[in-house]
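Engineer: Given the sequences, and given the hints that come with them, work out the whole structure.
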Amino acid sequence: MKRPVRLEPGQKLVLTANRLLDGRTVWWCADGAWDLHIGRAALLDADEAEAVLARVAGEAQRDGVVGVYDTAVQAAVPPEPVTVREKIRAHGPTVHPEFAVETEQ
Amino acid sequence: MSIPVGHYQYDRIDRDFLQARIAEFEGQVQRRLDGTLSEDEFKPLRLMNGLYLQLHAYMLRVAIPYGILDSRQLRKLGEIARRYDRDYGHFTTRQNIQFNWIRLEDTPAILRELAEVDMHAIQTSGNCIRNVTADEYAGAAADELVDPRVHAEILRQWSTLHPEFTFLPRKFKIAISGSPNDRVAARFHDIGILARPGEDGAPVFRIFVGGGLGRTPVIGEELFDSVREEHLLATLEAILRVYNAHGRRDNIYKARIKILVQAIGVEAYREAVEAELAQMDLERYRLTPEAVAAIRSRFAVPLLEAPADADAVLAQQRREDPLFDRWVRSNTHVHRDPGHIIATISLKPAGGIPGDATSAQIARLADLADAYSFGEIRITHLQNVVLGHVRKDRLRDLWLGLSEVGLAEANIGLIGDIVACPGLDYCALANARSIPIAQKLGARFADTALQAEIGALRINISGCINACGHHHAGHIGLLGVDKRGEEFFQLTVGGRAENGAAIGTILGAALPEDETVDAIARLVDCYLGRRESGETFLDTLTRLGHEPFREAAYETV
Amino acid sequence: MKLFELGERTAQVHDVLVTLAELAERDDARAVLLESADDPALLKPYLNRLDLVVLRFPIFRDGRGFTQARELREYLRFSGEIRAEGHILPDQAAFLRRCGVDSVVLPKDGNGDPALWEKQLRQFPVAYQRSVLPERSVGPGLRVEEAP
Ligand code: SF4
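As they're listed, the protein sequences go chains A, B and C.
Heads up, the first sequence is in my numbering, so the first residue is 19 and it goes up one at a time.
Heads up, the second sequence is in my numbering, so the first residue is 774 and it goes up one at a time.
Heads up, the third sequence is in my numbering, so the first residue is 4 and it goes up one at a time.
Keep in mind the hints are simulated off the structure, nothing from the lab.
Mixed in with the good hints there might be a few duds.
[Said to hold, decoys possible] Pairs of lysine-lysine residues, derived as DSSO-like cross-links and limited to a Cα-Cα distance of at most 27 Å, are as follows:
#1 C/K111 x C/K122
#2 A/K30 x B/K1256
#3 B/K816 x C/K47
#4 A/K105 x A/K30
#5 A/K105 x B/K1256
#6 A/K105 x B/K946
#7 C/K111 x B/K816
#8 B/K946 x B/K1027
#9 B/K1027 x A/K105
[Stated by the list, open to error] Partner residues are not named here, just some residues of chain B that face chain C (Cβ under 8 Å, in silico):
#10 D784
#11 E814
#12 L818
#13 L934
#14 L941
#15 R1022
#16 Q1052
#17 I1068
[As the list claims (entries may be wrong)] Derived coverage of chain B by chain A (criterion: at least 3 residues anywhere in the stretch with Cβ under 8 Å from a Cβ of chain A; other residues may be distant):
#18 797–808
#19 829–841
#20 1097–1107
#21 1114–1125
#22 1258–1266
Keep in mind the model is a prediction, meaning the values are calculated, not measured.
Note that CB positions come from ideal geometry on N, CA and C, so glycine has one too.
Structural biologist: What follows is the structure, encoded as structure tokens:
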């Protein structure tokens, strides 16, 4: 079973996955789309996240994404993931600044 | 098409097989896209064909059987990096190459391009028998007894889509060497094989079983001292059969053969294997001299001719050029032919990413291999490149050519020759980033004179307990751990993969990422300050024990 | 239950299918179900009366069934029918056949499409190792194909 999410003050949850076709990291937006930029991700409260996650995960095949899960972010603009792993997923490998997600078209 | 030096030349039958494998994979991709295959079902199937889903994209691991490529194949890898990836590839500790930015939808096309040069990604991952690794100096080293590559190829073929052993409890790695100086870390593999000449001319094989790194590092134990060539495949079948039937499947961390060998003991394992052999129809499994000869005949042997003064020319050039001399000292190895030499090309530029090569560098390496080493290239388990048969009087020209593309780093076996896995910058399983630490250490010890002064010292870095960076086997090992989403590193010292294999000892609590490089610098200073003349890092460590090094590492100024 | 035949042998339907533990008490049983942890050697006393051994795959990644099938054929010389059921994929058709399995219970989802199984069986013209089937060499080296 899923562990209960404990968020620090100022934190929210976002949903993330990888795109099936090209494997790229994507973030779930309020309109149901999946976007390469975490800046467009929907920010969820802990109590609503579980239900949204279950619903969105159920549509993964239709949406062409793999491995949907939630992760904590600082609720800033743009939101910033809490863990190093998710920071790297959001921004790209730290050893290749030229591949940073922000600078891609 | 002429037969390549150093590896097996495919024929039409092999090529048809490869095409069939690609068609099969393409069908699997199609079924994944239309939903017939779930991700849980597709994942093991794609892994068996080398395709991972990593943090940012798919990663394709291409097999380089026994680490040998010809220049045509290497050029193709460069083209794939350019066309389907972001212009670079990463050579791994298992002598393979990985592309980090692959799209699932491009994969069948990439596999077709690879097949044009008889390459593939078969069994570079998955719970099956993985790509077989071999001595990087095979067929060239003066100390070699048997060239292991013919048998490595036999093992590659035998293990390819093996009907019984494709859904093992866990991955299964085999390494083979034919030198008394173990350069394949035979005792850190599920099966390690050391070949030596037998009385009738055919080789005999000493077989170790149950070695491995990962969460529970274990040094492999000798199962058999002298397996005859004709019984090599039968013996391997029996070892695998016992493992497949009895290896644990309830816990991924206890599923490797080493855990089974540890649990029942090597004697019981040997008895079980012998019981299998007693029931098997050995004739059916016999590796015949004809089959070996047929496979051997598809390897070309280099025609080693060098002018009589080749050695003198090299000696003269070394005297005249100290920079070249330093490179020769660290980056070459004795060849069995006195007019030739083995050159190791470092993929560890100071501050660079260990094992990475750009498509331009890859293309240049292919050209240099054509010009200087019969078009043959070897990838080492230390993430470097070897040209196996360079004429001594032409070595300097090779070095100059390497310098032009930033590949003339003189640091093989030295502290700058860092082994690092991709870590958290790419890898979905990682706890910490391996590459930035490697880059910082590389920059810290960039001075090649300082590196030469420090001498033999290997640093290995893994981003998690899976130990792809072989940290347990490093003289200094770093293991990335995650503490509440932050990166920490655990330090080990005293590991070694060579003869007298040993697992490193943990020095103490893991250090935060930003303190790790300084701690290692203090370790090195401790060694430099306390070594006696002629001692390597390992010698001093053995003499003094861990305590002074532990103190140095954890000393806070 | 839809059966698919991997080779020439016609799959048979048995009303009584017992577990390994039940076999000793059921003299009438002609068919036995082996779980993946069961040791096929325990079937030795019963082999003469068995027509069918069913190997159950709890999940397609659990490859013990392949070794069980080979042991039945190679060590125990079992000549009856071997069947695989449970979570198996068409991608495993040739592996199953080469280890001595004659038939499968087709999965109920999309992986149960007989055309997929048929196609996979014919995917590879050669193999690089001997199996339990009658085979002959193809070209020099290790390669074999099924002898007709
Ligand atoms: S050691 Fe861990 S982090 Fe490094 S490549 Fe292997 S699995 Fe990934």
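Engineer: Next, verify each hint and record whether it holds.
Structural biologist: Now the hints, each set against the structure:
1. With a C-alpha separation of about 18 Å, the suggested pairing of C/K111 with C/K122 holds against the 27 Å cut-off.
2. Taken as a hint, the A/K30 and B/K1256 pair is honoured in the structure, with Cα atoms around 21 Å apart against an allowance of 27 Å.
3. Note on B/K816 and C/K47: the hinted pairing is violated, with a Cα-Cα distance of about 37 Å set against a maximum of 27 Å.
4. Simply put, A/K105 and A/K30 have alpha-carbon atoms about 15 Å apart, close enough for the 27 Å limit, and the pair holds.
5. A distance of roughly 15 Å separates the Cα atoms of A/K105 and B/K1256; the hinted pair therefore holds under the 27 Å criterion.
6. Restraint check for A/K105 and B/K946: not satisfied, since their Cα atoms lie roughly 33 Å apart, outside the 27 Å limit.
7. Note on C/K111 and B/K816: the hinted pairing holds, with a Cα-Cα distance of about 20 Å set against a maximum of 27 Å.
8. At most 27 Å may separate the alpha-carbon atoms for a hinted pair to count; B/K946 and B/K1027 meet this at roughly 16 Å.
9. Pair hint B/K1027 plus A/K105 does not hold up; C-alpha atoms about 31 Å apart against a cutoff of 27 Å.
10. With a least beta-carbon distance of about 6 Å to chain C, the hint placing B/D784 at the interface is held under the 8 Å criterion.
11. Because the beta carbon of B/E814 sits about 6 Å from the nearest beta carbon in chain C, less than 8 Å, this interface hint is met.
12. Interface restraint check: B/L818 against chain C, minimum CB-CB distance 6 Å, threshold 8 Å, status holds.
13. Among the interface hints, the one on B/L934 holds; its C-beta lies about 7 Å from the nearest C-beta in chain C, closer than the 8 Å criterion.
14. Annotation: B/L941 was flagged as interfacial toward chain C, and the flag holds, the nearest CB pair being 6 Å apart, inside 8 Å.
15. Satisfaction of the interface hint for B/R1022 is found here, the shortest Cβ-Cβ separation to chain C being roughly 6 Å, below the 8 Å cut-off.
16. Interface hint at B/Q1052: satisfied, since its Cβ lies 4 Å from the closest Cβ of chain C, which is below the 8 Å cut-off.
17. For B/I1068, the shortest C-beta to C-beta distance to chain C is roughly 5 Å, which falls under 8 Å, so the interface hint holds.
18. With 3 residues bearing a CB less than 8 Å from a CB of chain A, the region 797–808 of chain B meets the requirement of three and the coverage assertion stands.
19. As drawn, the region 829–841 of chain B meets chain A at 3 residues by the rule of a beta-carbon pair under 8 Å; at three or more, the given contact holds.
20. For the region 1097–1107 of chain B, the proposed coverage by chain A is not satisfied: 0 residues have a C-beta within less than 8 Å of a C-beta in that chain, short of the threshold of three.
21. Residue count for the region 1114–1125 of chain B with a Cβ under 8 Å from a Cβ of chain A: 0. That is fewer than the three needed, and the coverage hint is violated.
22. Check on the region 1258–1266 of chain B: 3 of its residues sit with their Cβ under 8 Å from a Cβ of chain A, so the three-residue criterion for coverage holds.
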